Amino acid sequence: MSIVDIPVEDAGALQAGRSGVRQEVFRQLLRSPTFIVGAIVLAIWIICAIFGPALAPHSPYAQNLEGINKAPSSAHLFGTDQLGRDMLSRVIVGSRDILIIAPLATLLGTVLGTVIGLLMGYFRGFVDDVLGRFVEAFLAIPLIVAGMIALSTLGRSNLVIIIVIGLLFTPLIARTVRAAVLLERELDYVAAARLRGERAPYIMFVEILPNVFAPIMVEFTVRLAYAIFAVLTLTYLGLAVQPPSPDWAVDIQANYGVVPAGYWWEVLFDALAIATLVVAISLMSDSVQKALEG
Amino acid sequence: MSRGNSELDRLREGRTELENHYIDELVFGNVSRRDFLRRGSMIGMSSTLLGAILAACGSSSKTTSAAGGTTTSSAPATKGGTLRIGAVTPAAAINPLTVSDAGGLLMLNQTGEFLVFDSNLKLQLQPMLALSWSPNADGSIWTFKLRPGVKFSNGAAMTADDVVYTFKQLSDPKNASNALSAFVGVLTPAGVQKVDSMTVAFHLEAPNGNFPYLVSSDNYNAIIVPANTDFTKWQTTFIGTGAFKLAGYTTNVGANFVPNVNYWGTKPLLDSTSFKFYASQAPMILALQGNDVDVIAQFTPAGAAAILNSPSYKIIKLPSANHRELSMRNDQAPFTDPRVRQAVAYTLDRPGAVAALLSGDGTVANDYPFGPRYPSTDTSVPQRTQNISMAKQLLAAAGHPNGIGPITMNSEIYQEIPQLAQVIQQDAAKAGITIKLSITNQTLYYGKTFGSSPWLDGTMSLVDYGDRGAPNVYLTAPLTSAGTWNAARFHNKTYDNLVKQYVAALDLQTQKQIAGKIENLLLQETPIVYPYWIDGLTASTPNVSGLNPTSIAQLYLNTASKSA
Amino acid sequence: MVRFILKRLGLALITLWLLSVIVFLLGQVLPADPARSILGPLAAPSAVHVLDHQLGVDKPVLTQYWNWISNFPGTSYQYQAPIGPILLPALLRSLKLGTFALIILVPLGIIGGVVSALNAGKPIDKTITIVGQSMLTVPEFVSGIVLIVVFAVELGWLPVTATAPPGSGFFTQLKYLILPVIPLVMVLFGYISRMARVGTVEALDSDYARTATLKGLPRGVVVRRHALRNSLLPTITVIATQTGYLIGGLVVVEVLFRYNGIGELTFNASTQHDIPMLEACVLTIGAFYMLVTLVADIGYSLLNPRIRLKAAE
Amino acid sequence: MTPISDTVRREDNLPQADALDVENLEITYRVRGRGLRVVRDVSFRVGRGESFGLVGESGCGKSTIALGIVRYLARNGSVTGGKVEIDGRDVLALNASDLRKLRQNTVSMVYQEPGRALNPTIKVGRQVAEVFQLAGASKAESLDRAQEMLEKVRISNPAGVMNRYPHQLSGGMLQRVVIAMALAAQPSLLILDEPTTALDATVEAEVLELISALRTEFGTSFLFISHNLGVIAKMCDRVGVLYAGEMVEEGPAREVFANPRHPYAVGLLRCIPRRDMLKANRALDTIPGSLPAPGDVPSGCIFADRCGLVEQRCRTEAPPLYDVDGGRRSRCHFHERAQTLPRVIPPEREDVPGERQDRGAVLVNAADVSKTFHMEGETIYGLVDVSIELRAGETLGLVGESGSGKTTLARTLLGLTAPDKGSEITLDGQALAETAGKRTHEQEKALQIVFQNPDSALNRRHSVQRLISRALSRLGGYRGEALMARLKKLISEVRLSERHLSMRPAQLSGGLKQRVAIARAFAGDPRIVVCDEPTSALDVSVQAAILNLLNDLQRTEDVSYLFISHDLGVVRYLADRIAVLYLGRIMELGPADQVFNPPQHPYTEALLSAVPTLENGDVERERIQLEGEIPSPANPPTGCVFHTRCPRFLGDICVNTEPPLAESEPGHAIRCHIPLDELRRLQGKEVSVAGADN
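Protein chains in written order, with the working numbering: chain A, 11 to 304; chain B, 1341 to 1904; chain C, 2 to 314; chain D, 59 to 752.
Hints are supplied without guarantee of correctness; some may be wrong.
[What the hints assert, rightly or not] Listed below are the simulated DSS-like cross-link pairs for lysine-lysine, each with C-alpha atoms no more than 27 Å apart in a straight line:
id : chain 1 : residue 1 : chain 2 : residue 2
1  : B       : K1514     : C       : K60
2  : A       : K80       : B       : K1770
3  : C       : K127      : A       : K300
4  : A       : K300      : C       : K123
[What the hints assert, rightly or not] One side only, chain D facing chain C, incomplete, derived with CB under 8 Å:
id : residue
5  : R161
6  : A175
7  : L176
[Claimed, not checked] Quick look at which bits of chain C chain A covers, simulated, 3 or more residues with Cβ under 8 Å:
id : segment
8  : 130 to 144
9  : 148 to 156
It should be emphasised that the hints constitute simulated quantities derived from the structure, not laboratory data.
Here the structure is a predicted model, which is why all the values come from computation and not from measurement.
For glycine and all other residues, C-beta sits at the position ideal for the given N, C-alpha and C.
Go ahead and model the full structure; you've got the sequences and the hints to work with.
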């Protein structure tokens, strides 16, 4: 058996030589249509969240008890709700709470999930089994019950909703991170670090963590869509954002009851707003993931 | 109204002093024909007698029912068929002692019957299991003569022993019965005494002019059951004297009833009734629209626009004492000053709220628990209307020239209350009062007791109150100094005395005078804002007739029928 | 192999016990007073106090936990009746609805995933992904209401509720379940098709797919016999983890379609604050979820020869 | 072996068209929006029954050409020029169904990773039978013919193997199944892409043996692709040398390797350590510079930047493929002077150190080290009573096939794996704790490692500067200025430049990455460095540079190496003493020259004979063929563990009693029952005088 040389796939893993990897990824993103479409839609909603009141034709809170449940018309493009408020203004200003709660909740879940995932993946053995049991136990608690109990004990505020959803996402994200860490810890650079006498926290957070970032990114965007869904479900229980806030979830929960009466517009536009926001986020995450894989 | 005096004088002989007093009231026009019928029947005057008096006093117009639904349909009622009724899922086991929710009481009244029946449609206390009843001189002892020949659905005859056993259990504090809220301070087990096999006497703790109501269908727990019945097992038999008997009950799912062979009254027209339980109102309304049920027993205007505004459904509207109360902590700034409280009351656009939130099915209230439902209401007190400038003046006078707040208002997700909270918030803002809302689901909102209940502790708290035959409970519980639900922390000696007098007053005239005083006192103090009274609604498909709902969500189907 | 199954079973039991402790503690934490919720807001406080004592709410926590566990599922505060006979039929009904949902959801999700993998990058791939994602955001109570209004009320094709009249045949029952299943399928389709897509793309790019193609096998055979056999296996375990979600989703659908499953029971228990019923429901759902994940794991290892037969003799 | 006659002769064979005719083939890959011409103007022909070799280092385009020929390029690759004809049919013009027919019965392929090439969830038999089913045979009949094919590829117990799954077979058996599958359709052309690269020496020898036997039996023409010159020399009639996507030389294999006519080919041949080269006397020559980035094509000759004979003409005028005498071609303007390519590294070493044996004091002593693994209820005996010692400044070579325990031994020394009770390892006389964590800082500094695969050994997210400076601060205790100074000195020692410091591993070539790994290992001035196959992941030319570097560092830093490899050529070049491992036991231990020449352990003898060498010594060494598969370490054979495969098997004594590790000469021990002089006699007569050196 003479000198062995494992041929690297000729065109695939070519050194990117000159330009750094990050600019390369960024330039490719700007060219992919899905990313651009997603970015534009997200930008629109962020602008609405920040400058909402200025953009809205009417005040989202102004009630007009004579003009209730009016169908979309030139005066009110999206019609009026049960208290005669302009739905278009409420949809514009309504993006603020969701854009604050959903990302923060997902972020909390991702951070906690990553830490637990790292511990379980790196130490394995006893730690993995014990934490694993807690992770599975939490996974089995339905969102509605957990939300109910947490909100009733901690009182009700955006912060509490973020904590509830964040904690419920932690086990899901921990599972993904654990799987990635289990693969990564077998690589030689971890052994090399141990031989340098590095302590476990250094190895986990400085050596391994940067290498499991891609799966965390993917998990973050998937969970973001589910976070918005969770906010809606909690609002259905009356446990989330407080009326008279024009938040989409509050409107959908308040108005879904009148759909049988034919006032479809009081729910449709909020649902469309949520759908466009989530699709935009998932389009962007798909293209980022493709670009990272190169 | 002096025509036909001779006929009237004939009828006056042999009447008690109280009865003559009512007849005078009618003759001098102090009381409407309707109220005369109601009060007269309450003190035991038979319907034939009352009818004759009315005839004697002039044209006996057909008793006007509340606006809307007709009572007897013209078409001849067809026999047979199964009536499908959608109802709210009973919140607990069907135990006559502890039932306290709408779903539960509807089940009780399907097979159980009361001594006396308060039917809104008939506007007078109807004899049911008691043929006649009469108070002693000062109204502290009430004697009831039972209807002979009544059998329970298992064939056993009903006697005084059963009635005595029933009311001893209902009024016994250790049974934690829901009826205690009516009997406390009125009736104790010792007070229930058998006179003979067909007569029962109630010796009250204190004279009470409204006692017949406390044993009527208004006190929905008071159905007569055989002696020594184990109440916790009642759900398996539904033993009662009513027109129907149990065919099957499945917790959380539904219940079926078939006619009771031994029924003493006219046999029901239907072959059977089938109740379907719904966890919330939305699916129930959809079921009616989707022709999955023929009737929905009790629903509120909130979210029911689909059937209220469409001609293809028969709606039966009953004035009821269902209402909302916005309490303000009288012991906490800024609400220690009555002028601030009055200011809040003056900001509210009550007619707008009734139109928008109840689609017109309700009447404005005037910040006190007297209203169209109760004849003893003093209607001469002027109705408050929205007056922003007055509100600002009051605030300025009270030392708050540029408004007050932010104040947190606690409330609950129940029917149209979240929307009402937002209307109050916006109207109050017009006068510079800024309110922040904190709305949770009912369980969290009710909490435990004082100190751990957003309902009772909130600086401002918007709560719902169900219908009651008499205003007694609304006068005592939320407003008297020792009231169990005094969220407003309203402690006013004169008010407490007035309420004691009211409860003790036997005749309508004195009750009305005292009511007037209470109304003016409450307007002056305004511890609680009462936005509006909500009508009790029942809906059915066009081919259903003969429904007999009561404002507290009972539904008597003796006369119900369903054409093909 | 047996050792593997026993180990997984042992771990699942520990988790179940842990879940029971968590659920019990959560139950304790709810502030509302059980007697109050039974007797309703208008009941006199004296009555509430008496009932509290009867229910034993004031005993020390440990004894309460022991009583609860030892005679699980216990008696319901609300119905003053043993929970078992109420819980079991409700669970069976929910299983029926859940299984029917899975029967539609799994093939649909997998076909969606495979189709979008086969023409990755093409417009059809993008539409399936976007449709999957946007359906995921429509909560069950919105899609449920719209479905009822359109199909049951306006068009009258399908019944409004999900509970067929007693004694109706299998197919009529099925007809009643069509509408309520759709919201559940909408929520989970996005996730399952995404997982199937990733698995299939990976299998199509694998070396054994290349061998099969270069053997001259037609594309259909390469995809069916070689790619899918390997890509669909992991998707099964993913679907198992989603059943927990399915049961959560049931709560909303069952309330809307008046279907007396365990979901509606949980909803009633939480609104009427019937702690034992709530705890029993959540524990049953948790146990069922663990059972499904366990079966999926064991099924995966049985179907996967690499794990079933150990390495080279 | 069933004779040829009964296999169905193919009548419809076209009159003697070439099996494969490729004319100025061009293949482009679209990467991040830019088109890269990875293969340019490649032409060659493979006659009927001929075996043509394509050789070149990684990134030269040989695999791409193979995949281009069967039109199975990745989604972003496409043939943008030239013509490919198989059996006279233009492959690129075929429609889908004709292409399928071509793949069914005209061309087949064998792949490098047999394990991944078979479907893990389908039984082996059914996958082979699939080919026959395609040709129309019934299910039962195709299964029989499949079993027949497995017999042809000399698989033991073919009936059993038929219903086993791929993960239950060893590497060698898997490759035989793939070959059986490929030849089942009796193709006229068989493409073999690095078929034995992933296999062990002895198994590779057997498979290559099998391939040439089947070639004569089936009369199939071969396109043999490999980076390993030795294998190509042995297997191919003609050969084409590829560099950066272009064919630089082509001709009969013997002549091309004997006197190459292109500077790249010359340089490549000099990088390979020959039998008689030892690190003491001969430095390996290297090729300066590194591979150009893919697809960026200079105006002149592609090899100009790295060629010792470069002139102005080479820069401006791209050389065509000149015809050289005897049907050979070379893409070099000065192909006749190719041999005069000046050496980069002077051949002779001036300061030949003294006698290699008596190095300094004993540094590391491992006594009775054993390691048993317990997995899924099975105990696997990784190491059994291994005792070795390592002296200061010495290189101990550790040789053996995969699964022999080489890496496990290294990991126990380093403390990455805890050995069983009873094993004790000492450094300078002090006991070494079981795991790295428990060892003193001094001990940590002293013992370092260079891993095989630099991609896995360097953290992809850290820059080179951070990788090395972290090691310097942790191990060397350097801070601030001292650290920077030491860093600069270190990178110059390993011949890295400062511009590399800010780069990430992904931006470096394989060779540069390994240099960073070496720099990191030497950061704490270690006294022992374990090299776990440091060059096996690298190209030949890069490997030579790394071996020279390790050699120089040993002299300047006075460090001793534990050098692990399954490549005897490299070990012979570098190692002073050698230990041969088989199934976790030491078979032979001693100075390099004694181990590499008889008398030696039969296993060492077989290992040596399996190495396909370039030496075309007149007398072919008599090939020693090891029969059967490597036994599983879970239940090793009784007595001498090698007796199941030993060509010099004595009989019961080998089966019943395990031979002791007896010292035949001072410092040279062999674990074999055959007495030493008997061994010398048996092994003496067969070997010829050491091959001529060129």
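Tested hints:
Of the supplied pair hints, the one linking B:K1514 and C:K60 holds, its CA atoms being roughly 20 Å apart against a limit of 27 Å. With a C-alpha separation of about 24 Å, the suggested pairing of A:K80 with B:K1770 holds against the 27 Å cut-off. Of the pairs offered as hints, the one joining C:K127 and A:K300 holds, with about 14 Å between alpha carbons and a cut-off of 27 Å not exceeded. Proximity of A:K300 to C:K123 is assessed by CA-CA distance (about 15 Å); at most 27 Å being required, the pair is judged to hold.
Proximity of D:R161 to chain C holds as hinted, the smallest CB-CB distance being about 4 Å (cut-off 8 Å). The restraint placing D:A175 at the interface with chain C holds, with a minimum CB-CB distance near 5 Å, inside the 8 Å limit. Contact between D:L176 and chain C, as hinted, is supported at the beta carbon level, the nearest pair being about 6 Å apart and thus within 8 Å. Under the rule that three or more residues need a Cβ within less than 8 Å of chain A, the assignment of the segment 130 to 144 of chain C holds, with 10 such residues.
Counting residues of the segment 148 to 156 of chain C whose beta carbon lies closer than 8 Å to any beta carbon of chain A gives 3, which meets the minimum of three for the stated coverage.
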